[in-house]
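Number of protein chains: 2
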Amino acid sequence: MNSQHTIALDVMGGDRGPEVVIPGANLSLIRQPEIRFLLFGDEKAIARSLERYPDLADKSEIIHTDVSIPMDAKPSQALRKGRWKSGMWLAIQAVRDGKAGAAVSAGNTGALMAMAKFCLKTLPGIERPAIAAIWPTVSSECIVLDVGANVSANARQLVEFAVMGAAMAHDVFGQKRPSVGLLNIGVEEIKGLDDIKNASAALRSFDTPFEYKGFVEGDDVGQGVVDVVVTEGFAGNIALKTAEGTAKQIGAYLRAAMNRSLLARLGAFLAQDAFRALSDKMDPRHSNGGVFLGLKGIVIKSHGGTDATGFASAIDLSYDLAREHMVERIADNIQKYHATLKLDDVA
Amino acid sequence: MNSQHTIALDVMGGDRGPEVVIPGANLSLIRQPEIRFLLFGDEKAIARSLERYPDLADKSEIIHTDVSIPMDAKPSQALRKGRWKSGMWLAIQAVRDGKAGAAVSAGNTGALMAMAKFCLKTLPGIERPAIAAIWPTVSSECIVLDVGANVSANARQLVEFAVMGAAMAHDVFGQKRPSVGLLNIGVEEIKGLDDIKNASAALRSFDTPFEYKGFVEGDDVGQGVVDVVVTEGFAGNIALKTAEGTAKQIGAYLRAAMNRSLLARLGAFLAQDAFRALSDKMDPRHSNGGVFLGLKGIVIKSHGGTDATGFASAIDLSYDLAREHMVERIADNIQKYHATLKLDDVA
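Chains as they are written, first to last, in our numbering: chain A, 1 to 347; chain B, 1 to 347.
Simulated from the structure, these hints should not be mistaken for laboratory data.
Predicted, not measured: the structure shown is a model, and the values here were computed from it.
It cannot be assumed that every hint is accurate.
Repeated chains share a single entry, so a pair holds when one copy, or any two copies, can fit it.
Straight line, CA to CA, 25 Å or less: simulated DSS-like cross-link-like pairs of lysine-lysine [claimed, not checked]:
no., residue 1, residue 2
1, K336, K81
2, K81, K59
3, K85, K248
4, K248, K213
5, K74, K99
6, K197, K74
7, K248, K281
8, K121, K281
9, K176, K213
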């Protein structure tokens with residue numbers, strides 16, 4: 001069995017561990033029957049959860065460890081205590097050793113990134129890994145990166161993010177030439193944006209396998225103006241959380257509005273299919289999964305508080321990326337750009 | 001007549017100039033009959049627009065100038081060509097000279113900020129002015145700053161933003177002790193956030209006339225977790241635009257959902273009052289107006305593309321701030337903090 005069909009799961013990670021991870025894996029298996037799992041964590045707890053899913057049990061191998069990383073552990077603590085032996089580490093190591101095509105964890109982001117960097121190492125030519133999120137748009141979806149791996153980025157790093165994000169768009173959306181934009185603010189002649197301007201000039205100056213569209217603003221992201229939005233991690237994380245918060249807020253307004261009168265309640269009852277479609281469209285579980293880009297292997301961070309449906313989305317995403325050989329595509333493209341663009345001069 | 005009842009308007013600013021500014025002023029006058037206006041711009045165009053509003057004409061003085069600042073002028077060009085004589089400049093100058101309590105312009109942001117700084121000067125003890133926006137929340141509204149005057153901020157500047165934002169919350173929301181949060185991302189031990197951490201330590205270390213609540217994340221803003229959200233201008237601008245974009249996007253989803261079947265259309269028809277209330281609640285015109293804080297006078301930037309309703313909101317806001325003597329409150333509080341907090345040590 002080819003390892004790209006095998007996904008390594010950190011079963012004890014996340015707010016509810018196997019209660020969410022196991023039924024999530026089962027949902028994903030139903031959609032993709034050729035998938036296999038390596039399940040890292042407490043053997044007894046996993047076996048108990050698997051009892052209800054005999055098909056999943058057939059496709060899974062349990063690897064016992066009694067070390068798991070607490071959700072509030074600091075990255076340095078997690079590395080010290082969990083390296084070589086925690087479920088999180090072992091899942092990543094399975095990717096490194098070619099036993100799995102990707103690892104998925106709902107554990108804590110900082111610990112997962114620290115372990116992934118330490119175990120897998122960064123791809124040659126890439127300064128820093130980034131975290132990419134899938135963002136729903138009016139027309140379909142786009143990719144936004146970095147959403148929090150770093151809190152700043154120089155021009156060279158922004159160019160690398162563009163290359164990595166475009167490779168991911170190729171593999172997730174099946175786009176031959178994804179469009180890419182740099183997130184900026186619409187104020188002329190403002191100081192301090194030299195990195196963004198230099199990255200933009202660099203992206204314009206050579207023949208990319210994606211279409212560079214220039215600057216985009218915060219309100220362009222959800223309009224689907226480009227397939228890939230590149231930014232540094234502080235603004236990217238704040239934009240992502242702000243969009244999630246705004247969606248929640250409008251959902252609350254909508255529920256309040258539909259309860260304000262008998263007529264409104266009747267209207268809402270008649271339109272319940274429409275509301276169901278809307279709530280499905282706005283469901284954050286469909287786009288669950290932050291992809292760590294720039295490492296020698298695929299690691300995906302699921303929301304810690306998601307449920308089985310959300311966790312299954314993160315597995316599906318990891319499976320797509322593993323089968324499409326995203327890591328090789330990123331490595332190839334980065335090598336090409338280093339040859340033509342001289343990224344070392346960009347920063 | 002006390003000047004704090006007089007608002008200076010840059011009539012030719014914005015995408016549609018007097019067509020929007022004059023009916024906007026009239027709407028505001030209806031709500032606040034004691035208001036007076038100084039109208040700066042092309043005399044004939046203004047007089048023509050005023051014909052339909054005799055009450056407004058009675059309360060207004062027209063000051064003619066044929067210089068106006070193009071929407072796409074760079075700040076340096078605008079200063080060179082429009083200083084001393086453009087409508088934008090003259091409106092700000094009226095504030096400086098005590099003839100008006102505040103100036104409102106829908107002209108270009110960079111030009112307006114450059115002129116406001118040049119003409120009014122920064123308050124003693126403040127390093128940089130900021131732009132504050134009013135942000136609708138689930139419970140009511142909050143203030144977010146900076147949303148784009150600068151693209152970075154050190155610890156001292158963030159503390160100053162907190163002081164200024166709290167003074168504005170006092171005057172706009174009538175809150176004796178507004179709550180203040182620092183926008184941050186929820187990743188532990190990440191590097192590069194020293195300014196935010198130092199600002200947070202400084203805000204905790206002394207007795208503020210506001211309640212400092214610590215860090216908030218992007219999804220807390222719309223939940224109304226604090227009255228004032230402090231951040232640097234790049235992330236703040238992106239957050240603001242992202243929230244606007246998300247609201248637009250969900251509006252589009254909602255319309256599409258309500259048109260997908262006959263039953264949904266019938267439901268939407270019955271619930272039309274509820275939808276109207278919802279769309280009123282989400283109407284960005286209600287929170288139109290970016291307040292320039294930290295200058296020796298009040299200047300408000302209206303959206304360039306707003307209509308009379310939106311422009312009237314910006315006037316209402318400027319009138320509130322002028323009557324409440326916000327500038328004096330900021331100046332007093334900054335002096336106090338300089339005495340106790342030694343802001344010079346914070347940076």
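Do the hints match the structure? See the list:
no.: 1; hint: K336 x K81; result: neither (39 Å within a copy, 48 Å between copies)
no.: 2; hint: K81 x K59; result: neither (30 Å within a copy, 74 Å between copies)
no.: 3; hint: K85 x K248; result: neither (39 Å within a copy, 47 Å between copies)
no.: 4; hint: K248 x K213; result: between (31 Å within a copy, 22 Å between copies)
no.: 5; hint: K74 x K99; result: neither (28 Å within a copy, 57 Å between copies)
no.: 6; hint: K197 x K74; result: between (35 Å within a copy, 17 Å between copies)
no.: 7; hint: K248 x K281; result: both (13 Å within a copy, 14 Å between copies)
no.: 8; hint: K121 x K281; result: neither (37 Å within a copy, 49 Å between copies)
no.: 9; hint: K176 x K213; result: within (16 Å within a copy, 48 Å between copies)
Hint check: violations occur at hints 1, 2, 3, 5, 8; the rest are consistent with the structure.
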